[in-house]
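Protein sequences, first through last, are from chains A and B.
The letter at position 274 of the first sequence is residue 274 when you use our numbering, and the numbering goes up by one with no holes.
The letter at position 228 of the second sequence is residue 228 when you use our numbering, and the numbering goes up by one with no holes.
In case anyone wonders, no lab produced these hints; they're calculated from the structure.
Treat the hints loosely; a few may be bogus.
[Said to hold, decoys possible] Keeping only pairs whose Cα atoms sit at most 25 Å apart, straight-line, the calculated DSS-like set for lysine-lysine is:
no. : chain 1 : residue 1 : chain 2 : residue 2
1   : A       : Lys11     : A       : Lys267
2   : A       : Lys112    : A       : Lys19
3   : A       : Lys393    : A       : Lys109
4   : A       : Lys393    : A       : Lys39
5   : B       : Lys2      : A       : Lys135
6   : A       : Lys135    : B       : Lys230
7   : B       : Lys249    : A       : Lys83
8   : A       : Lys83     : B       : Lys257
9   : B       : Lys188    : A       : Lys135
10  : A       : Lys135    : B       : Lys333
11  : A       : Lys267    : B       : Lys249
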Amino acid sequence: MAADLYDLGDKPPLGEVPKRMHAFAVRQSRFGQPRDAWKREVLPTPAIGPDEVLIYVMASGINYNNVWASLGQPLDVIAERLKMGEPEDFHAGGSDCAGIVWATGKDVKNVKVGDEVIVHSGWWRPDDPWVLSGKDPMLAESTRIWGYQTNYGSYCQFARAQAHQCIPKPRRLTWEAAGCFLLCASTAYRMLMGWAPHTVEKGDVVLVWGATGGLGSLALEIVRAQGGRAVAVVSDDAKKKFCLDHGAVGAINRSQFDHWGVMPDTKDGKAYGNWAKGARAFGKAIWDALGERTSPKIVFEHPGEATLPTSEFVCATGGMIVICAGTTGYNVTLDLRYHWMRQKRLQGSHLSNDEQALAVTKLVDAGRVDPCLSHTYAFDELPECHQLMLDNKHPYGNMAVLVNAPKTGLGAS
Amino acid sequence: MKALAFGEHGGLDRLRYQDVADPKIGPRDVLVRVRAAALNHLDLFVREGLPGLTLPMPFWTGCDIAGDVAAIGAEVRDVAVGDRVAVNPNLYDGTCEFCLRGEHSLCVRYGILGEHTHGGLAEYVAVEGRHVVTLPAAVAYEDAAAFVLVNMTAWRMLVTRARLRAGEDLLILGVGGGVSSTAVQIGKLCGARVWVTSSSDEKLERARALGADECINYAKEDWVKVVGQKTGRRGVDVVLENVGAATWKGAIRTVAKGGRIVTCGATSGPIAETDIRLVFWKQISIIGSTMSNDAEFNAVMGQLFAGRLRAVVDTVMPLRDGVEAQRRLAEGKQFGKIVLTP
């Protein structure tokens, strides 16, 4: 008979689910700085639906969405779910994990109890007509980010996920390496490979902003794996080596330029001239980093407001700027003339579907894409990890925390 | 020969119906006796002067041309003197990386006949032999001339760039323009439900006659709201946008998840304020497009010849009255093309 609650790392018999579990959670009364908002609690272990699984989490990744969750902005995810009729008044988040399937719903066929898996964070209602019709589920009305917009994510001893989210864990990886990368990797993969005809092909030049972050570092790795040539953009020279180590063919320090932000009015000749001068100089820096005068076919964007006008300018004729976030702001000025005269494309992209998450995991499994694990922390350091992220002091790549794994280095075979 | 020419850039007063030197043809060119030439806003822009565009004066524009072949160069095959033809206005080098892919309107030296070289607002025009297409007997010169530029542009935008499919919703903003009005019939040909906006009930009626399903007078109703309500808040799959600054925010709001906005110009200004959250949450695609390649030109001309698309002609006037014709275009009084006949 299972106990009511197990310590972390103290495994119940396979398949037996205790009534309660350890987890990190945010409550509305604690919204604020991540180090105060995230608190370790003992929560009831969630029940699962017919298409869901319960996962005994070994290690979890850390993502920026759960910084937002702790701030309660730009979205109060708890209020959103209460409004939808869910009973929990807390958010037990976490959107990346590696672990062991511990229980399965009656309709689950793709995994069984005991399987070692990682979980991608695309969640949608199984009865969503868009999904049922076979279209890309990431465009469905019901789609949510698992562990951000849904509860009982990877910061729980037992996470609740939909079975389709489970992907076999790459065997060669430790729990922490396997658990740290998939949200960023699948997002980057969809951006780089999901928007035909603008996919990375051999020799293609790709400009990658924020290249030492979780998303940027995986983008460098994926571009290299596809035979492309990534030019990394970073904010100080010390970051360049990391980028070259992770597949970039060159790196640019953007602090050497000062034309960032909203593009000036074209009628203001002087201001616009200065902006254009900066943008042209940045374009030349790309050519210098490459060693040839080729402009990027794909610009991998996530800063948004500060950089998008420049991205639009330096993107090759007929190329694509692909964007998944606006970390410097959302108000972007586009000069449509570049867009139609040079027949460019601005493409929004958001997370990934099952197929894309599986495709990038296969690249990791084959050793062609490094998961870019930066540092592994203890479970109780989880609030501090989010604080580092908010303060932009986190180490390059992707952070992991151990959940049930007793120490680092386990799980690889 | 006579041409509607200007000796320096400027207003309508610079334009004169005057004698100019006859064009000369090279070994790969044909001389076309112009029977009809349609006007575009491009004619006005070039007459007024465009930054970076230096032209041999006197200059005359005209990129929508139909006529008879009057002479052929020594190396020209498949075209004979006396052939009735329409002219493909693409100018490209044929050797750059984009031309090698068949993407002629991306050519690094791309130009348009009548913008970068002497055009068809004259009695004769010299064009490359490979850039004329024979007209079936049933197709009038006036219709052929009126058809070319706006249709090659709209065809590439909707069929190639936005990949419009049967059953989708297409929204065309500002349906009075040449590209926008013909896009209505291309949208219907693709099997789409076509939505149009205009501030003029008369233009909306013309659009309805071309097949538009949903007509919204934006002077009377909030078009963003109407589209939202009538699509159950879903929005439309494709927006054809060439208004720019004035309608851009609405276009971003109106397009459905995974939808496409295709743009070929911006009559109200090119600086577009964009809430980037909507771009990535809805995963929309904002696609630039200009003119077409030769394959798209041939495809859309084929639709005219088969009677599946038709030219939208506003008025036909003699070339000698070209000043009046350009005034009519500048004042935006037309629906469809103004055609001049030498």
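Evaluated hints:
1. Our distance criterion of 25 Å between C-alpha atoms is broken by Lys11/A and Lys267/A, whose separation comes to about 68 Å.
2. This hinted pair checks out: Lys112/A and Lys19/A have alpha carbons roughly 21 Å apart, not beyond 25 Å.
3. Taken as a hint, the Lys393/A and Lys109/A pair is broken in the structure, with Cα atoms around 42 Å apart against an allowance of 25 Å.
4. The straight-line distance between the Cα atoms of Lys393/A and Lys39/A is roughly 21 Å, inside the 25 Å bound, and the hint therefore holds.
5. Between Lys2/B and Lys135/A the CA atoms are separated by roughly 59 Å; this puts the pair beyond 25 Å, and the hint is violated.
6. For the given pair, Lys135/A sits about 23 Å from Lys230/B by alpha-carbon distance, which is consistent with the 25 Å threshold.
7. Restraint check: the Cα-Cα separation between Lys249/B and Lys83/A comes to about 29 Å, which exceeds 25 Å; the hinted pair is violated.
8. With a C-alpha separation of about 23 Å, the suggested pair Lys83/A and Lys257/B falls inside the 25 Å cut-off, and the hint holds.
9. Taken as a hint, the Lys188/B and Lys135/A pair is honoured in the structure, with Cα atoms around 24 Å apart against an allowance of 25 Å.
10. Between Lys135/A and Lys333/B the CA atoms are separated by roughly 44 Å; this puts the pair beyond 25 Å, and the hint is violated.
11. A threshold of 25 Å between alpha carbons decides the hint, and for Lys267/A with Lys249/B the separation of about 21 Å falls inside it, so the pair holds.
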